[in-house]
Amino acid sequence: MELPGSSASQIFLGPSLLGVYRAIGIEAGIQFPLYRDTGPLYPKEHYRFAINFAYFF
Amino acid sequence: MELNKRFCVIVIAAAAFSAGEIDAADHGPVFGLATPTNPKGGWSFDLGVNGRSGKASSLEAELSYGITENLKLAVSGPIVFSADPFPRSSVTANTPISGDFSALAWWRFKRKDLAGKRIESTAVGGLLAPGPQQEAGAFRNLNSGLGYLIGAVTGVASRSQYVWAGATYQKYAQSSGDQRPDLVTCTAVYGYRPLSWRTDYPRWDWRVFGD
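Protein sequence lines correspond, in order, to chains A and B. Its first residue numbered 391, the first sequence is counted upward by one per residue in the working numbering. Its first residue numbered 3, the second sequence is counted upward by one per residue in the working numbering.
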């Protein structure tokens, strides 16, 4: 049985930056909602962010 | 504390200067799906932090290995600092939902090199295992079985511009009468690498994305 009101759809958009220094990659970005249909069960998400460190060997 | 800082600086500097021919230039964007795979025999390690509205954040570690230049295996694992009350979503599409362990295979099944650019398509599939952390919000106390992820991404990459579009689908098995909802994630990415940013070692090489 499906939990009523649990389905949700969201669209996010935002910039991110990737810097490469030889075998190292550093990334960071932030996104904001363009569209949000999340129903009453969830709090509103105003932004999301990500920071990443990558190393190739 | 000062000793720890020095140690981190030494480790990062040593990593930068001891690296071989493999470089991170083919790394994809942080949010959206992208086609690059690792070179044959090449390893990569990613460590990332992501959060949503300041209420949830997690640390994701991913280890990848290129079996061939077109087939990459990747395993990822999370440490969830704060359980997520928002609708289930994958902040970084490269690794599935925060809180899941994953073992994924990335297969670049199409690659066409043209003058100054290449067109690629990559399929991804693998297993998901929910982590030990309890969820928050609507899914508190919800049990979950193992899951799987399938998806694909296609795009064009040149020295100055990148365009990728992709989608993944995640589904979980029932556990103790509970079942997580399915998740469809669609991503579109445009990347730009201005001429003035196109520099080689020993300078940083930058690109900006809209995800």
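Among the clues, some could well be false.
Claimed, not checked - If you want the footprint, here are the derived chain B segments under chain A, 3+ residues with CB under 8 angstroms:
#, stretch
1, 34-47
2, 118-124
3, 157-171
As the list claims (entries may be wrong) - Some but not every residue of chain B turned toward chain A, in silico, with C-beta under 10 angstroms:
#, residue
4, His-29
5, Glu-64
6, Asn-143
7, Tyr-150
8, Ala-154
9, Val-191
10, Pro-196
11, Leu-197
Derived from the structure by calculation, the hints contain no laboratory data. For each residue, glycine too, the CB sits at the ideal point set by N, CA and C.
Verification of the hints:
1. 34-47: holds (count 5)
2. 118-124: violated (count 0)
3. 157-171: violated (count 0)
4. His-29: His-29/B check passes; min Cβ-Cβ to chain A is 4 angstroms, inside 10 angstroms.
5. Glu-64: 9 angstroms, holds
6. Asn-143: Result: violated, 12 angstroms to nearest chain A Cβ.
7. Tyr-150: Status violated, d = 20 angstroms.
8. Ala-154: With a minimum Cβ separation of about 20 angstroms from chain A (threshold 10 angstroms), the hint on Ala-154/B is violated.
9. Val-191: OK, holds: Val-191/B within 10 angstroms of chain A, min 9 angstroms.
10. Pro-196: Where the cut-off is 10 angstroms and the nearest Cβ of chain A is about 12 angstroms from Pro-196/B, the hint is violated.
11. Leu-197: 16 angstroms, violated
In summary, the numbered hints that this structure violates are 2, 3, 6, 7, 8, 10 and 11.
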